[in-house]
Every structure is written in structure tokens, then in C-alpha cells.
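Participant: Spelled out, the chains give:
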Amino acid sequence: MTHPAWLDRFCEWLKVTPFSVALQSASWAVPLVQTIHIFAIGAVIASGLMIALRTLGWVAPDQTLARANLRLLRVIWWALPVLLFSGILMISAEPARSLENPAFLLKMGLLLLSIVVNLAYQAPLKRDPDFWELSRSRRRLGQLIAFLSLALWVGVIVSGRWIAYVEAG
Amino acid sequence: MVTLDELLHGLKETGFATAIREDGAWFPWLESIHVLGVTILIGSIGLLELRLIGLTSLNRPVSRVLKDVLPITWGAFAVSIISGFLLFASNAPTYAANAFFLSKAVLLVAAGLNAFGFHTFVERSIAKWDSAARTPLPARLSGVFSLLMWVGIVVCGRWVGFTLVPTP
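As they're listed, the protein sequences go chains A and B.
Position 16, counted from 1, in the first sequence is what the numbering used here calls 365; the numbers after and before it change by one each time, with no gaps.
Position 93, counted from 1, in the second sequence is what the numbering used here calls 925; the numbers after and before it change by one each time, with no gaps.
Some hints here could point you the wrong way.
[Claimed, not checked] No more than 25 Å apart at the CA atoms, straight line, and that leaves these computed lysine to any residue pairs for SDA-like:
1) Lys899/B - Lys364/A
2) Lys960/B - Leu455/A
3) Lys899/B - Arg488/A
4) Lys475/A - Leu945/B
5) Lys899/B - Leu945/B
6) Lys844/B - Leu862/B
7) Lys899/B - Lys475/A
8) Lys899/B - Pro410/A
9) Lys364/A - Thr995/B
10) Lys899/B - Leu455/A
11) Lys364/A - Leu455/A
12) Lys844/B - Arg488/A
13) Lys960/B - Pro410/A
14) Lys899/B - Leu969/B
15) Lys899/B - Trp427/A
16) Lys899/B - Pro430/A
17) Lys960/B - Asp411/A
18) Lys475/A - Leu490/A
19) Lys364/A - Ala469/A
20) Lys960/B - Gly949/B
21) Lys899/B - Ala513/A
22) Lys844/B - Val938/B
23) Lys899/B - Ala942/B
24) Lys844/B - Lys364/A
25) Lys899/B - Ala964/B
26) Lys844/B - Val370/A
27) Lys960/B - Leu898/B
28) Lys960/B - Val941/B
29) Lys475/A - Leu499/A
Note that these hints are calculated values from the structure, not bench results.
Whenever a hint applies, use it, and build me the whole structure from the sequences.
Facilitator: This is the structure we're talking about:
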């Protein structure tokens, strides 16, 4: 895979910034940040799974769909900044290994898709919290979207693991 | 009498362990499944412990949160243990000699004992504090202890990957 020259230059520049050098020189920094990243993604994937199972009524049947979603989305909203921040730290520590890695690009692509899918699910809820429950077909569509979102997060995690195995460059 | 060392080497030489070690794709795929299992495991445990400690889902009974979370936790635990065992088998003697791997195993047992203690002793009186935002001290301690163990388990697991290079 060839990369645009600006990306090569950016990686070269980032790699020698004091911040990146500091992260590289402490052998515990990367695994520590990875551990934090794993916990944050654990919060997202477990909550996403609960949301998906709630659309089937398998989880939290005592709460309305809207209430259960709100409760679990709050967990996800806490985790997302942690994911973003720890992710930026990992990129800073090893710019080319991540930014020029096909597995990383796939991960970002799946993440983008997941964001689009989630926004499509959330948008109508602003007007009507019960939007996805008003008819049978909407309920079906809501289930489909919840599981699609979950599948995308699974893809994000798996492609994230493969960054370590796919050759960058 | 078979020694532990012979057992570990025997495990490493089994057909499936050899395949995982020598076929380039097996190991990363198993690792992906392991990470997936572990993230769902710690995420679901976290949702429960945070309720016990008094940080989330406070308007829901603890028993309800337990009921929601436990099937997910057990499913994810099964996936993690099976995939973890297969990864371990591929290089059993090396893993068994790794301090982080051994620490991870010890912490895992501690987390298991804590869960057992919660279900047999603490949960017995759950009817009295099920809907309370503030659970009794043993319940909160059990939640904090569990979270600490799981943080330790993930830290050690991640460090295994950095201190142990799988040998072909």
C-alpha cells in the first residue's frame, strides 16, 4: 500500500515530538494505555450488547426501551472520550504502525459507519422517545439497527487487534 | 508419574496446539475472539459492580441488574476461558513460566472466590437492600475488590503480550 506523502511526513514529524519520544521511552506506557483502551471499549461493547438485547426484550424488560437506552448510552458517552484520548496516545507512541496500517484504516472505517448508524438511530428519538416502538416494522428496524451497530463494534475490536499483525506500510 | 513440565510440553505438542502455533492466522484470530470475550466480560461485570458500589443504575434493583448482566457475563467468560486456553496451549511451557501469566491466573482465582463469596454470603440478604441506592458495606467491598481484580487481570494479560514472544 502506498501512502500520501503528507501522511509519511506527518508520521515522521509526530515520531520525534517530545511527547511521542516520552511515550516510546517508557516501556510501560503503551501497555498501560492499551489496558485503559480495553476497559473503555469493554464499557461500550457491553452496553451496546445490552441495548441490542433490550430491543428483543431479553434484558431490562422492566424498563421502557427509551429509559434503558438512556441509562446504557450514558455509560457509552463516558467511555467514548476515554477511547478517543487513549487512542490518540497510542497513535502518538507509534504513528506509522497505526496510521499507515490497513487494519487501522479498516477499524476507522467501521467506526465511522458505526457513528452514522448510531446517529440514524438516535436522531428520531429526540422528537419522540418511543419512535422505534410505534409500529411492528419500526420495532424490527430498530432491532436491526441495534444489532448492526453491535456487529460494527465487534468489527472495530477485531480489526483493532489485527493492527498488531498486519504489516504497516 | 508425569511431571508438570512434561504435561505442559505434551500440551504444546498436541495437534491443535501445534496448528495454532504454526499456522499464521490461527493465533491472531483466537486473540481477537479472546479480546472480544474479555471486553464483554469486564464491561458486563463493570455494570454490575458499579451498581453495587452505588455509581450507576441506582433506580434499578440490584437483583434486576444481576439478572440482566449475569447470562452475558457467563457467556463471555466461557468464550474467554476457551480461547485463552487455546492460546495458552500453543506455547504452554513458556506461558507457565511467565510471571504476568501466573499473576493473571492468581488474580482470576481471587476474582472467582470473590464472586462465589458474593453469591453465597452477601446476596443472601439481598431482599433487604435490593432497591437501596446505598448497598451494605460487604456488597460495596465485594464490588470494589472485583473491579480491582479485573483491572489487575487485564493489566497482566496485556503485559504477557509484551514480555513473551511466541516461539515457532
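Participant: Now tell me if each hint is right for this structure.
Facilitator: Going down the list of hints, with the structure as the test:
Among the hinted pairs, Lys899/B with Lys364/A is inconsistent with the structure: their alpha-carbon atoms are about 48 Å apart, more than 25 Å. A hinted pair counts as satisfied when its Cα atoms are at most 25 Å apart, and Lys960/B with Leu455/A does not qualify at roughly 50 Å. Taken as a hint, the Lys899/B and Arg488/A pair is honoured in the structure, with Cα atoms around 24 Å apart against an allowance of 25 Å. Restraint check for Lys475/A and Leu945/B: not satisfied, since their Cα atoms lie roughly 45 Å apart, outside the 25 Å limit.
Our distance criterion of 25 Å between C-alpha atoms is met by Lys899/B and Leu945/B, whose separation comes to about 20 Å. With a CA separation close to 16 Å, the supplied pair Lys844/B and Leu862/B stays within the 25 Å bound. Distance check on the hinted pair: Lys899/B and Lys475/A sit about 30 Å apart at the alpha-carbon level, beyond 25 Å; violated. Note on Lys899/B and Pro410/A: the hinted pairing holds, with a Cα-Cα distance of about 11 Å set against a maximum of 25 Å.
Distance check on the hinted pair: Lys364/A and Thr995/B sit about 24 Å apart at the alpha-carbon level, within 25 Å; holds. At roughly 36 Å between alpha-carbon atoms, Lys899/B and Leu455/A are farther apart than 25 Å, so this suggested pair is violated. Distance restraint check for Lys364/A and Leu455/A: the Cα-Cα separation of roughly 22 Å lies within the 25 Å cut-off, and the hinted pair is therefore satisfied. The suggested pairing of Lys844/B with Arg488/A is violated, with an alpha-carbon distance near 50 Å, which exceeds 25 Å.
Between Lys960/B and Pro410/A, the direct Cα distance comes to roughly 23 Å. Compliance with the 25 Å bound is thereby established for this hinted pair. Pair hint Lys899/B plus Leu969/B holds up; C-alpha atoms about 21 Å apart against a cutoff of 25 Å. Under the criterion of a C-alpha separation no larger than 25 Å, the hint pairing Lys899/B with Trp427/A is consistent with the structure, at around 24 Å. Taking the CA atoms of Lys899/B and Pro430/A, the gap is about 29 Å. The hint is violated against a cut of 25 Å.
Among the hinted pairs, Lys960/B with Asp411/A is consistent with the structure: their alpha-carbon atoms are about 20 Å apart, no more than 25 Å. Our distance criterion of 25 Å between C-alpha atoms is met by Lys475/A and Leu490/A, whose separation comes to about 17 Å. Only pairs whose Cα atoms come within 25 Å are accepted, and Lys364/A paired with Ala469/A is rejected, the gap being roughly 37 Å. The straight-line distance between the Cα atoms of Lys960/B and Gly949/B is roughly 18 Å, inside the 25 Å bound, and the hint therefore holds.
A distance of roughly 37 Å separates the Cα atoms of Lys899/B and Ala513/A; the hinted pair therefore is violated under the 25 Å criterion. Under the criterion of a C-alpha separation no larger than 25 Å, the hint pairing Lys844/B with Val938/B is consistent with the structure, at around 22 Å. Taken as a hint, the Lys899/B and Ala942/B pair is honoured in the structure, with Cα atoms around 23 Å apart against an allowance of 25 Å. For the suggested pair Lys844/B and Lys364/A, the alpha carbons sit about 39 Å apart, so the restraint of at most 25 Å is broken.
For the given pair, Lys899/B sits about 17 Å from Ala964/B by alpha-carbon distance, which is consistent with the 25 Å threshold. Our distance criterion of 25 Å between C-alpha atoms is broken by Lys844/B and Val370/A, whose separation comes to about 39 Å. With a C-alpha separation of about 16 Å, the suggested pairing of Lys960/B with Leu898/B holds against the 25 Å cut-off. Of the supplied pair hints, the one linking Lys960/B and Val941/B is violated, its CA atoms being roughly 29 Å apart against a limit of 25 Å.
Between Lys475/A and Leu499/A the CA atoms are separated by roughly 21 Å; this keeps the pair inside 25 Å, and the hint holds.
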